[in-house]
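Residue numbers (numbering that gives the first Met the number 0), protein chains in the order written: chain A, 0 to 100; chain B, 0 to 134.
Calculated directly from the structure, the hints in this document are not laboratory data.
Beta carbons: idealized from backbone N, C-alpha and C, even for Gly.
There's no promise every hint is true.
[As the list claims (entries may be wrong)] From chain B, some residues computed to sit far from chain A (all C-beta separations above 12 Å):
1) A87
2) K114
3) V131
[Said to hold, decoys possible] Not the full set, but computed from the structure, chain A residues with beta-carbon under 8 Å of chain B:
4) D14
5) Y37
6) E51
[Unchecked claim] List time: in silico DSS-like cross-link candidates among lysine-lysine, alpha-carbon distance up to 27 Å:
7) B/K114 <-> A/K71
8) A/K71 <-> B/K5
9) B/K61 <-> A/K13
10) A/K13 <-> B/K4
11) A/K50 <-> B/K5
12) A/K73 <-> B/K4
13) B/K5 <-> A/K73
14) B/K123 <-> A/K71
15) A/K13 <-> B/K51
16) A/K73 <-> B/K114
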Amino acid sequence: MTMLHTVNKSPFEKDSLTSCLRLSEDGSTILLIEDAIYAALEGTTISDSIKEALKTKKVFALQEDINARGVKNKVIDGIEQVDYAGFVKLVTEHDTVQSWV
Amino acid sequence: MSEVKKFLYVNRRAPYGTIYAWESLEVILIGAAFDQDVTLAFVDDGVFQLVKDHDTAGIGMKNFTPTYGALGDYDINKIYVEKESLEARGLTIDDLQHLIWEDEDEDWAEKDSIKVVTSSELAKLMGQQDVVLSF
């Protein structure tokens with residue numbers, strides 16, 4: 000079973016991402032969308048926990064949401080950016096999707 | 000017109016994910032027509048509203064952030080950004096739009112509208128207001 004976790008809330012405002020990181024298995028995939036793309040930024044209070052997750056999980060972030068928020072030059076190395084088509088591809092590649100709304 | 004009151008708009012939400020940021024800006028612009036003493040504060044995720052170079056074409060939403068650049072023309076030139084909020088998000092003032100206003104008392108000299116302040120400075124500022132509107 001492979002699972003895709005999507006997170007759409009800012010990690011500075013809600014604990015959705017923290018819960019996702021705690022409750023997702025090694026080898027699973029996390030996709031950051033909407034306000035959750037702020038978790039992908041370098042130099043924040045969240046950066047270390049994402050970097051730790053990158054050791055055992057794949058982390059993606061939605062390019063369109065990154066560009067909308069003007070932060071494309073700040074994304075942590077190792078986080079892969081995908082567009083909407085890539086989002087769909089990720090969904091088809093995994094058995095289940097869990098949305099941490 | 001009755002006495003001028005001190006209005007503070009507190010912005011704490013990131014743009015686009017929710018409508019708060021845009022709604023706040025709409026209210027600020029409407030309020031500007033009433034000749035009150037207006038101050039804006041950007042704290043927590045609200046600091047993301049002022050980040051420059053937004054490109055919203057991909058998400059199909061209007062980029063409303065160029066409107067912040069017009070605030071100076073509405074005599075809104077006291078814009079405070081909390082230092083602690085910037086630092087927690089890996090941002091500096093250089094990541095933000097450069098907002099200016101023209102001082103008519105000094106031959107329309109261009110001056111910076113944004114001031115980065117500490118939590119305690121901002122707390123003091125909040126204590127001086129007549130009306131606080133939070134978004």
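Hint-by-hint comparison with the structure:
no.: 1; hint: A87; result: violated, 5 Å
no.: 2; hint: K114; result: holds, 21 Å
no.: 3; hint: V131; result: holds, 20 Å
no.: 4; hint: D14; result: violated, 14 Å
no.: 5; hint: Y37; result: holds, 7 Å
no.: 6; hint: E51; result: violated, 17 Å
no.: 7; hint: B/K114 <-> A/K71; result: holds, 25 Å
no.: 8; hint: A/K71 <-> B/K5; result: violated, 37 Å
no.: 9; hint: B/K61 <-> A/K13; result: holds, 25 Å
no.: 10; hint: A/K13 <-> B/K4; result: violated, 34 Å
no.: 11; hint: A/K50 <-> B/K5; result: violated, 44 Å
no.: 12; hint: A/K73 <-> B/K4; result: violated, 40 Å
no.: 13; hint: B/K5 <-> A/K73; result: violated, 37 Å
no.: 14; hint: B/K123 <-> A/K71; result: violated, 35 Å
no.: 15; hint: A/K13 <-> B/K51; result: holds, 24 Å
no.: 16; hint: A/K73 <-> B/K114; result: holds, 23 Å
The structure fails to meet hints 1, 4, 6, 8, 10, 11, 12, 13 and 14 from the earlier list, while all remaining hints are met.
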